[in-house]
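Those sequence lines, one after another, are chains A and B. Using the working numbering, the first residue of the first sequence is number 1, and each one after it goes up by one. Using the working numbering, the first residue of the second sequence is number 162, and each one after it goes up by one.
A few of these clues could be false.
Derived contacts from chain B toward chain A, CB cut-off under 7 Å, selection only [unchecked claim]: (1) Ala-219; (2) His-400; (3) Pro-404; (4) Gly-408; (5) Thr-441; (6) Phe-567; (7) Gln-661; (8) Gly-662; (9) His-832.
Each computed DSSO-like pair below joins lysine-lysine, with the alpha-carbon atoms no more than 27 Å apart [said to hold, decoys possible]: (10) B:Lys-596 / A:Lys-144; (11) B:Lys-186 / A:Lys-4; (12) A:Lys-17 / B:Lys-629; (13) B:Lys-214 / B:Lys-175; (14) B:Lys-596 / B:Lys-559; (15) B:Lys-229 / B:Lys-489; (16) B:Lys-878 / A:Lys-144; (17) B:Lys-584 / B:Lys-253.
By construction, these hints were calculated from the structure, which means they are not laboratory data. Using N, Cα and C, we set each Cβ at its ideal position, and we do this for glycine too.
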Amino acid sequence: MKVKVTVNGVAYERDVKPRTLLAYFLREACGLTGTHVGCDTSNCGCCVVVMDGGRAVKSCTMFAVQADGHQIMTVEGLANGATLHPLQQGFWDQHGLQCGYCTPGMMLTAYALLKHNPNPSEADIREGLAGNLCRCTGYQNIVKAVQQAAEKMREPVSARS
Amino acid sequence: MSTEAGHAVGVAMKRKEDPRFIQGKGNYVDDLTIPGMLYLALVRSPYPHAEIKKIDIADAMKKVPGVKAIITGKDLEAAGLGWLPTFHGFDKQMVLGIGKVLFQYQEVAAVFAESREAAADGAEAVQVEYAPLPVVADPFTSKTDQVLLRPDREQKTNHIFHWEVGDKDATMRALSSSPRRIKERLWFQRCHPAPLEPCGCVAYFDTMGRLQFHVTSQAPHVYRTALALVTGIPEDKIHVVSPDIGGGFGNKVPVYPGYVCAIVGALKIGRAVKWIESRTENLTSTGFARDYHMDVEIGATEDGRVTALHVATTADHGAFDAAADPSKYPAGIFGIVTGSYAFPVAHAEVDAYFTNKAPGGIAYRCSFRVTEASYAIERGMDILADELGMDAAELRRKNFIRKDQFPYPSALGFTYDSGDYHKTLDTALDAIGYKQLLEEQAEKRARGELMGIGLSTFTEVVGAGPSKHFDILGIKMFDSAEIRIHPTGAGIVRAGTKSQGQGHETTWAQIVAEELGLDPQTIMVEEGDTDTAPYGLGTYASRSTPTAGAAIAMAARRIREKARKIAAHLLEVGETDVEWKDYKFQVKGVPSKTVTMKEVAFAAYTNMAQNEPGLEATFYYDPPNMTYPNGAYVAVVDVDRETGEVKVRRFLAVDDCGTIINPMVVEGQIHGGLTEGFAIAFMQEIQYDGDGNNLNTNFTDYLLPTSLETPHWETAKTITPSPHHPIGAKGVGESPNVGSPAAFVNAVIDALSPLGVRHIDMPITRDKVWSAIRAAEDRKK
């Protein structure tokens, strides 16, 4: 089946099998391997991407054909050129990652969370990230990373360093 | 954050590896694609124990488009590859079922196909006829030998080994003459490390006929040697690459059947083969951990001085003995079971049995059975405190090995290097406000509320290990480093270890920078490539810093000695007149006459005088002893009397891991290890039913903590450097996972102790607590 999915602003027209999962479409048809697969049951969240600007979806739970005509943002689309997104900066500054496998999904879930709630409490962040597993960090520094990013993103653009 | 030349060890430097991970540019094994690559899927047994009557591959070959080849156990056996030696060295494991299967989800056939989907369809289409055999689902049934599980072995018994250490007679005499004694059976349940990236590999033979093997391995050099020994491929024709690894926790130490099948497929078909296991395959067939049933006995005087310890363990090793322990240690380093306490005598014994369960018994964030040992002694001490009616902190304080007793020879043969256990405990009790917590608890108990305070004051043994005692398949457990300093003062360090998130790309650079006065930002770190890295035994069991970290410091010191000669030439003085001071070479007594390492590096290539050109060194480090990190952990819990729900209100970890290379990384390791300890205490369990069916085959049934239930962690430290490690570091990655389960359980039992509850086995689920509370109330009626 022919699909056209816009990923990080670039249109990808590909012929896919109906059963192709969005996660494998992104990894194999688009060559964007920053989206990871960590389980078979949509529990781990390593595959989370953002759809249509603000909705976090688990790309292992969607078929590529369901994304036809939609906008997808993956981890490769977070930075603005050489400038890291505040979430990326937050994860780096706060030691919010160790092995890095869950990190893209964590950041994109947080991205959608901050779209809907720019000033979340710690409890909001912990609830917002509860669909993403991390085996390395114990989440505490991930929470701090999201808090740092939220603060940065609330600043007027001109004040951002 | 320092990026200047000079002081680098002890600095909370941001990680150098992070930019690629946060931009989705990590390089995990599944990210690798080779032109013409095939995919491998494995057919697995639905039966825990069954004879394989027939394997029919005709439909899969003919009717599924894209299937290229299928191999079975018989094919492998004909090629001499039917069995795989386990790292333990005592046993072997079937690659694909030969004659019968011994656990549910065991590998039976390998299907190679043009796509991921075709391989999966092909595996579905393989028809296997089984004749079920009687199942042995626990080690106590196994013990009876009524069903012999492994007729392939010379020894016609399910008993794998008996191991013991210590003086049994003296221990038993001391126990029987002790005025106070406790005895309890503690089961450390079977669990699984479940790193988020499953295991996998890509195998192919390049145009020179070399095997290129990219694999999620925590020990790539050991894989290379093992592959050479098993396959007969000369070791120079094997190139193993461990790329970025998405967590390991011991799960990625053993060699798995999928790897062997991928290599055989690549050889047979002449194309690259990728094998990436599913989560279900990971949880059901790769290395599980623990499954120790431990009978713990402690004797004491009336006033609470311990007199003897005896621990007898029945271990469930599953269908093959694939525990991946050092060869002289079939029960790992379980002898650390005397913990932080001055036991005059002790005896520990372990009897291991085969069952119809997945093989393993691997060191899950653990130095080979140290977690089981630590849990046994720390639970045991709490049970003793309860028996004596003594405060749990007081009992520990009374029995600690004192600071002035180090180096301390333990009753079970270890020489503890250093520690100040009283200080570590006092730091924890002060920081958490132990006295106030006891007062609060007394008030709550008076009102019938259930609040618990749990301690764990563990001592670890890590850094395997001295060649006299430690080897895997005969290879001594040293580790290594090679450092090259380039003309501009930048450099590269390579080590025999392999980070899976521990941050070696940063911390190894910090050690080099500290030793040589260079900028850590310009020291590149490379690991995991057997063509370039010096031979090492890999990363697990908190061994990287004690072994490779030491090798890096020693290699850097060799460079410094070479550099001193060049510095003398540049300073126009004799070599003996040059000293290394404040990260520079200086003419003794003349602080104004200095040269930096950067200047020396340039001279090593441009103006070296009579000295050998270049500036590099290699060091293989054979540790003189293990290192012994310790910690004092305090958990505070509230238990809901009506629902059995346990809430961890506070958790404080005071760790002493000796010299700290990067405090940010160390704290991150502690957070992660505590979270895994919490998960083991309350959630994680691989259960089998009585028929040998695995009940926890995915993340909806095998529960891992999310951000919601994970407690907030408080950390603090004491620092007692290791006297024998070049920079005094001890290792920390596993300490929080080793030390914390007992603290959680002790806290819950402390909360329930007014009801007369003495023990609950992990994981402490809500229904177990609820049932214990109901049973206690029924007893009162």
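Against the structure, the hints:
At its closest, the beta carbon of Ala-219 of chain B sits 25 Å from a beta carbon of chain A; the interface hint therefore is violated under the 7 Å criterion. Hint status for His-400 of chain B: violated, given a least beta-carbon distance of 22 Å to chain A, over 7 Å. Interface hint at Pro-404 of chain B: violated, since its Cβ lies 11 Å from the closest Cβ of chain A, which is beyond the 7 Å cut-off. Of the supplied interface hints, the one on Gly-408 of chain B holds, with its beta-carbon coming within about 4 Å of a beta-carbon of chain A, less than 7 Å.
Given hint, Thr-441 of chain B at the interface with chain A, holds; its Cβ is 6 Å from that chain's nearest Cβ, closer than 7 Å. For Phe-567 of chain B, the suggested interface contact is broken, since its CB lies about 31 Å from the closest CB of chain A, more than 7 Å. Proximity of Gln-661 of chain B to chain A holds as hinted, the smallest CB-CB distance being about 6 Å (cut-off 7 Å). Hint on Gly-662 of chain B holds. Least Cβ distance to chain A is approximately 3 Å, under the 7 Å limit.
Because the closest C-beta pair between His-832 of chain B and chain A is about 4 Å apart, less than 7 Å, the hint holds. Of the pairs offered as hints, the one joining Lys-596 of chain B and Lys-144 of chain A is violated, with about 31 Å between alpha carbons and a cut-off of 27 Å exceeded. Straight-line distance between C-alpha atoms of Lys-186 of chain B and Lys-4 of chain A comes to about 24 Å, which keeps the hinted pair within the 27 Å bound. For the given pair, Lys-17 of chain A sits about 58 Å from Lys-629 of chain B by alpha-carbon distance, which is inconsistent with the 27 Å threshold.
At most 27 Å may separate the alpha-carbon atoms for a hinted pair to count; Lys-214 of chain B and Lys-175 of chain B exceed this at roughly 58 Å. Pair hint Lys-596 of chain B plus Lys-559 of chain B holds up; C-alpha atoms about 18 Å apart against a cutoff of 27 Å. Among the hinted pairs, Lys-229 of chain B with Lys-489 of chain B is inconsistent with the structure: their alpha-carbon atoms are about 43 Å apart, more than 27 Å. Proposed proximity of Lys-878 of chain B and Lys-144 of chain A is supported: the alpha carbons are some 21 Å apart, at most 27 Å.
Between Lys-584 of chain B and Lys-253 of chain B the CA atoms are separated by roughly 47 Å; this puts the pair beyond 27 Å, and the hint is violated.
This entry does not satisfy hints 1, 2, 3, 6, 10, 12, 13, 15 and 17, going by the numbered hints stated previously.
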